[in-house]
Amino acid sequence: MTTLPLQFDDVLDSFGFPGGILVIDRNGSYAEDGTWSYTTSTSRRIDGIVLTAKKPNLNFLPQGHVSKGDIIVHTQATLYFTDPMITTSSSIQSFVVWQGYEFRLKDIGFQSPNANFNTYSLTRYQAHGSDA
Numbered sequence: 000m001t002t003l004p005l006q007f008d009d010v011l012d013s014f015g016f017p018g019g020i021l022v023i024d025r026n027g028s029y030a031e032d033g034t035w036s037y038t039t040s041t042s043r044r045i046d047g048i049v050l051t052a053k054k055p056n057l058n059f060l061p062q063g064h065v066s067k068g069d070i071i072v073h074t075q076a077t078l079y080f081t082d083p084m085i086t087t088s089s090s091i092q093s094f095v096v097w098q099g100y101e102f103r104l105k106d107i108g109f110q111s112p113n114a115n116f117n118t119y120s121l122t123r124y125q126a127h128g129s130d131a
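Per numbering that gives the first Met the number 0, the sequence shown runs over residues 0 to 131.
Source of the hints: derived by calculation from the structure; they are not laboratory data. Beta carbons are placed, not taken as given, at the ideal position from N, Cα and C, and that holds for glycine. Mixed in with the good hints there might be a few duds.
[Said to hold, decoys possible] Ranges between beta-carbon positions, derived for each pair: (1) Q98 x S36: 21 to 27 angstroms; (2) S40 x K105: 15 to 21 angstroms; (3) E31 x A52: 30 to 36 angstroms; (4) N115 x L50: 14 to 20 angstroms; (5) T34 x Q75: 31 to 37 angstroms; (6) A30 x Q98: 26 to 32 angstroms; (7) I107 x G19: 16 to 22 angstroms; (8) A52 x L21: 15 to 21 angstroms; (9) N115 x R44: 16 to 22 angstroms; (10) E31 x Q98: 33 to 39 angstroms; (11) K105 x R44: 19 to 25 angstroms.
Produce the complete structure using the sequences and hints provided.
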């Protein structure tokens, strides 16, 4: 079975965001208590499509953060997420800024083999004590 390459340029033009999606890559590490903190960050813009994954809600999640909703990003760009099981090394964590809120990458979904398109799941996070 062969797959035909798909061209998503028209789809991105129709459903993508003008100027791209703002991504912040933060370099940090996990502490022994399970909290993650960053030391440096860089920002970039990517082409892609953002969809709401579920209605915003309030949940207490591991690592002392609060979630207020999820989004899905479809893009050909690479996003990164940290592994909480590795507490000794520094790693990169990607955040997407959407509608004024930061969403932390939590899962990498399937990749379309004929378009090299990735699906990423992100959750809105705020640190304890933050009113953001």
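### Task
Evaluate the given range 14 to 20 angstroms for the C-beta pair formed by N115 and L50.
Since N115 and L50 have Cβ atoms about 19 angstroms apart, the given range 14 to 20 angstroms holds.
### Range hint compliance [Cβ, I107 to G19, 16 to 22 angstroms]
Holds: the Cβ-Cβ distance is about 20 angstroms, inside 16 to 22 angstroms.
### Query
In this structure, is the beta-carbon distance linking Q98 and S36 contained in 21 to 27 angstroms?
At 25 angstroms between Cβs, range holds.
### Message
Assuming the hint says 26 to 32 angstroms, is it satisfied by the Cβ distance from A30 to Q98 or not?
### Response
holds, 30 angstroms
### Query
Using the C-beta atoms of N115 and R44, is the stated range 16 to 22 angstroms upheld?
Because 19 angstroms falls inside the window, the suggested range holds.
### Message
19 to 25 angstroms was suggested as the range; check whether the CB atoms of K105 and R44 agree with it.
### Response
holds, 21 angstroms
#### Entry: 15 to 21 angstroms as the expected CB spacing between K105 and S40, which holds or is violated
Hint holds: Cβ distance 18 angstroms, inside 15 to 21 angstroms.
#### Entry: E31 paired with A52, Cβ distance criterion 30 to 36 angstroms
holds, 31 angstroms
### Query
Do the Cβ positions of E31 and Q98 conform to the proposed distance bound of 33 to 39 angstroms?
At roughly 34 angstroms between Cβ atoms, Q98 and E31 fall inside 33 to 39 angstroms, so the hint holds.
### Query
Are A52 and L21 spaced within 15 to 21 angstroms by their CB atoms?
holds, 19 angstroms
### Task
Starting from the hint 31 to 37 angstroms, judge whether the C-beta atoms of T34 and Q75 obey it.
Since T34 and Q75 have Cβ atoms about 32 angstroms apart, the given range 31 to 37 angstroms holds.
Figure legend: structure checked against the earlier numbered hints; every hint is met.
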